[in-house]
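Colleague: Listed here are the chains, written in short residue letters.
Protein chains: 2
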Amino acid sequence: MPTCHKQFGEATAILAGDALLTAGLRCFTLFPPDAKFDSAKIRAANAVAEAIGTRGMIGGQVEDIEAERESPAGERSLARLERIHANKTGKLIRVALAVGGILSFASGETLALLDRYGENLGLAFQIKDDLLDVESTREELGKATGKDEAHGKMTFPGILGLEESRQAMAKTVLEARALARTLESGAGPLGELAEFVSARKS
Amino acid sequence: MPTCHKQFGEATAILAGDALLTAGLRCFTLFPPDAKFDSAKIRAANAVAEAIGTRGMIGGQVEDIEAERESPAGERSLARLERIHANKTGKLIRVALAVGGILSFASGETLALLDRYGENLGLAFQIKDDLLDVESTREELGKATGKDEAHGKMTFPGILGLEESRQAMAKTVLEARALARTLESGAGPLGELAEFVSARKS
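First to last, the sequence lines map onto chains R and B. Every number in the working numbering is 1099 more than the matching position in the first sequence, counting from 1. Every number in the working numbering is 1099 more than the matching position in the second sequence, counting from 1.
Fair warning: there could be bad hints in the mix.
Identical copies go unnamed one by one, so any copy, or any two together, can satisfy a pair.
Cross-link-like lysine-lysine pairs, in silico, DSS-like; alpha carbons within 27 Å at most [as the list claims (entries may be wrong)]:
hint: 1; residue 1: Lys1270; residue 2: Lys1187
hint: 2; residue 1: Lys1105; residue 2: Lys1187
hint: 3; residue 1: Lys1105; residue 2: Lys1252
hint: 4; residue 1: Lys1105; residue 2: Lys1242
hint: 5; residue 1: Lys1270; residue 2: Lys1135
hint: 6; residue 1: Lys1242; residue 2: Lys1300
hint: 7; residue 1: Lys1135; residue 2: Lys1252
hint: 8; residue 1: Lys1270; residue 2: Lys1105
It is worth saying that the hints were derived from the structure and are not from the lab.
Let's have the full structure, built from the sequences with the hints guiding it.
Modeller: Right, here's the structure in full:
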């Protein structure tokens, strides 16, 4: 299927994004007032808004654009690459876990475990994404490969090399699975999700 | 000053808009939990998100873009023009008043008066906007005039004529001032605001 901006034009696609952003945050306001849940709903909405904002996804996207614009003259370091991904995709993955914890009145300890699990899951997802762009084929991935290098983008294979990137991914997946086992007292969907991120082909 | 997209590029300007939208809705989550206010905060945030979304500002903007795209072949009616403005700017003005009412635990009757006041204020603002584009000069307005006609946009003067548009604006301002007098038991800032909208030169 063509993307929204190809099908309906750029202006409408931007407005669709604005509408979805607003509709997402609005979800927290749709349930009837409830003395027990109201303050948890507000806390969860706050966490989501923070993960989206200038210190989260939007901030990461801005730095990603800047890095591409400066390329290849700009700073190309592992620290910068990790910071961009931590903000651009990592914080949204982490807050998805935090919301579940907050709305089920999880302990501070559980919230911290969920957060570390999400951090590792997000990082593994991103390294895998970069690896697929190098190792996969258009047929397998369902979209063009080799795009990152063509755009001069910073990637994990570009900075660490292929072999070290594979090892870094394996390590974060292992860590995520260990945290999942603690959280789920054995096997469960969080562990399966970490496995899926590592094994996915597209 | 140059606009954001001229100064920083279109991608960054779009992200700045997303960030401000998120930051705006986040405001409702920034105050400490409070059993008395939590459900009112959620109700107010819901009203704001609805006023922004597809049935409010964003929906109005989409129809405005469509109308311009169809121009001059599309439907050009007073009903369509009023619907576009009611969604695109009117609902945000109305919800600004609603939030004040909700957070101060106003009665249903007061909320209804605030809403009617906002509806009239928004309509007056928009008719005045169209009139200024026709009647004002670049020096007085601080920006180019005659833009609406050049873009083939639907406007109140274009559909009703100048004289009838002036009368329509005077009528809505009169109505807004009467509602303000009821709400403020005499003179007050809501009445002054209606007066300002009618008298403004830029």
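Colleague: Does each hint fit the structure? Answer for all of them.
Modeller: To see whether the hints hold, each was checked on the structure:
In the homo-oligomer, the alpha carbons of Lys1270 and Lys1187 lie at most 27 Å apart inside one protomer (21 Å), although the nearest pairing across protomers, at 50 Å, exceeds that limit. Proximity of Lys1105 and Lys1187 under a CA criterion of 27 Å is satisfied in both settings, with 24 Å inside one chain copy and 24 Å between copies. For a Cα distance limit of 27 Å, the shortest separation of Lys1105 from Lys1252 qualifies both inside one copy, at 24 Å, and across copies, at 25 Å. In this homomeric assembly, Lys1105 and Lys1242 come within 27 Å of each other (Cα to Cα) only inside a single copy, at 16 Å, whereas the closest approach across copies is 33 Å.
Taking the shortest Cα distances, Lys1270 and Lys1135 never come within 27 Å of each other, neither inside one copy (40 Å) nor across copies (48 Å). For the identical chains of this complex, Lys1242 and Lys1300 are intra-copy neighbours only, at 12 Å inside a copy versus 54 Å across copies, given an alpha-carbon limit of 27 Å. Taking CA atoms no more than 27 Å apart as the test, Lys1135 paired with Lys1252 passes in neither setting, with 47 Å inside one copy and 51 Å between copies. Taking the shortest alpha-carbon separations for Lys1270 and Lys1105, neither the intra-copy value of 39 Å nor the inter-copy value of 44 Å comes in at or below 27 Å.
When held up to the earlier numbered hints, the structure conflicts with 5, 7 and 8 and fits the remainder.
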